[in-house]
Structures are given as C-alpha cells and as structure tokens.
Amino acid sequence: MSSAAIPQQTLNELEKYTACDVSDALLKLKVPGAGFIADLTQYSSGDASVGSSKHEKVTVAPVSTVLFTAKNEDPATASERPAPNFPKDTHWVDNAVPGTFAVMQQAPGQTNAICGGIMALRMRVLGVKGIIVAGRVRDLVELRSTELPIWALGTSTVGSGGSSVPWAREVPLTINGVLVSPGDLAVNDPVNGVVVIPRDKVGQVLELLPRLTSADEKAKADVALGVSVKEAFQRHRG
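The sequence shown runs 2 to 239 under the working numbering.
Derived from the structure by calculation, the hints contain no laboratory data. For clarity, every value in this text was computed on a predicted model and none was experimentally measured. Errors might be hidden in some of the hints.
[What the hints assert, rightly or not] In silico lysine to aspartate or glutamate, DMTMM-like type, Cα no more than 20 Å apart, as pairs: (1) 17 with 57; (2) 29 with 208; (3) 89 with 171; (4) 17 with 217; (5) 58 with 171; (6) 221 with 232.
[Claimed, not checked] Derived Cβ-Cβ restraints for the label pairs, each shown as a range: (7) 33 with 237: 48 to 56 Å; (8) 221 with 158: 41 to 49 Å; (9) 72 with 6: 52 to 60 Å.
By construction, the Cβ of each residue, glycine as well, lies at the ideal position given by its N, Cα and C atoms.
All chains should be modelled from the sequences, with the hints used to inform the complete structure.
Right, dumping it as structure tokens:
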C-alpha cells in the first residue's frame, strides 16, 4: 500500500454516507461497476450482541489484499499472475495488515473455504478492521464471535489446505469486473453492501457526495408531494 495514509478525517466524512451514495458518485466518475463488489453475503455484522444498532453503521478503511491460487493449477497459467511475495517461512495470515479491510480472492470454481475461524481470529488480534472474501468461508459461529464485519461469496465445510494456496499479498485483484488495489478504500455498509473507492478518486468522491445526496433528498421530498419522478429529477438532478 502507499506509505501516505489517508487522513482519519477523510474516513470519518465518508462514513456519513451509504454505499449507495458512494456508488452514485463513482458512477458519475465512470469507475467500472461503480465500485460495487457484487454477490457478497454478510456472515458477520461486526457485532455479536443482539439488538445493537452498531451493525448498521457504515465503516471505511483502506484495503489490503491476498491472492489465492488452486493447488493443482496448470503451471502454464503462472505467468498470468503476479510473482509470489509472501515472506519465507511465514503463514499468510500472520502478514495481515492492521487497520485495513482484508480482501481475499480465491481461485474460481473451488468449493473449499479460504478463511475460517482461526484465520479470522488471528486477523482480529492483528487489528484488521474487516474481511471480504471473493470466495468461500467456514466456521460461521466463530466468524461472528470475532465481531468483525465479514463478507463472502459463499460458504463451505472444507478447509483450504487441500485445494488453495496463498500466492501473493498487496497485489491488485479484479472481482466481478471491479479492480481492487491495496490502499483503495472499502466502504462497509451492513445494510447495502460493500463498495471500493479507488484511492485516486477519494477526493472527487468527497466533493461529489454532498451535492448528489442533497439533490436526492430534494427529489424525494417532491415525489412525496405528488411530483412525478421525471419532473423531480429534472428539477434537482439536471
């Protein structure tokens, strides 16, 4: 990730908006997929207590990444991947980056999990803010007990050992057509989903958001009074 940290004030400002608001801004900026990581399911809300309002709070943090490959993958495809870069004689999870949303990508078509209870617990201890798995997870009760927000494309009962290999860390990933790079910002919205803001678009997104959300509030007020959507949009969205 870039050595220049994004100011906490910037993260706090972004947390005032929903993931839908952020996607509206990214759509204006022509970011592919408007930053939305599609088809994720939330397996841990980030709060184990029942009835808490904490689970509805939007949280924003920088992204760190881990790329997995299939153990039996054709060696000929290795040239299409970044070079392996995990430090020798370390476990991949022990390299987790504090203060980030860990985004992991699994090889397509696999039915095993790449993240389970022990991995999630280690990431929590190391100070990871949340986990996004473009693949499968397991040990759902243990995942929830970490009180981290955890999203994934699916579940499994099978561990990673027999099928998946951690290949590289802090490399760009492409997930459902959305580019996710280390240092981008993950917007974790427990109600609406996960959106990734490219690091170089953060300033433009913050500039657009107040105007876009204000226009939507005015349009909603008009529609509630009986104005047609077409007219309300013409008045406020231009």
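So, going through the hints one by one against the coordinates:
1. 17 with 57: holds, 12 Å
2. 29 with 208: Roughly 12 Å separates the two Cα atoms, so the pair holds.
3. 89 with 171: holds, 16 Å
4. 17 with 217: holds, 15 Å
5. 58 with 171: violated, 27 Å
6. 221 with 232: holds, 11 Å
7. 33 with 237: 48 to 56 Å: The hinted range 48 to 56 Å is violated for residue 33 and residue 237, with Cβ atoms some 27 Å apart.
8. 221 with 158: 41 to 49 Å: Since the Cβ atoms of residue 221 and residue 158 sit about 45 Å apart, the hinted range of 41 to 49 Å holds.
9. 72 with 6: 52 to 60 Å: Between residue 72 and residue 6, where Cβ atoms are some 36 Å apart, the hint is violated.
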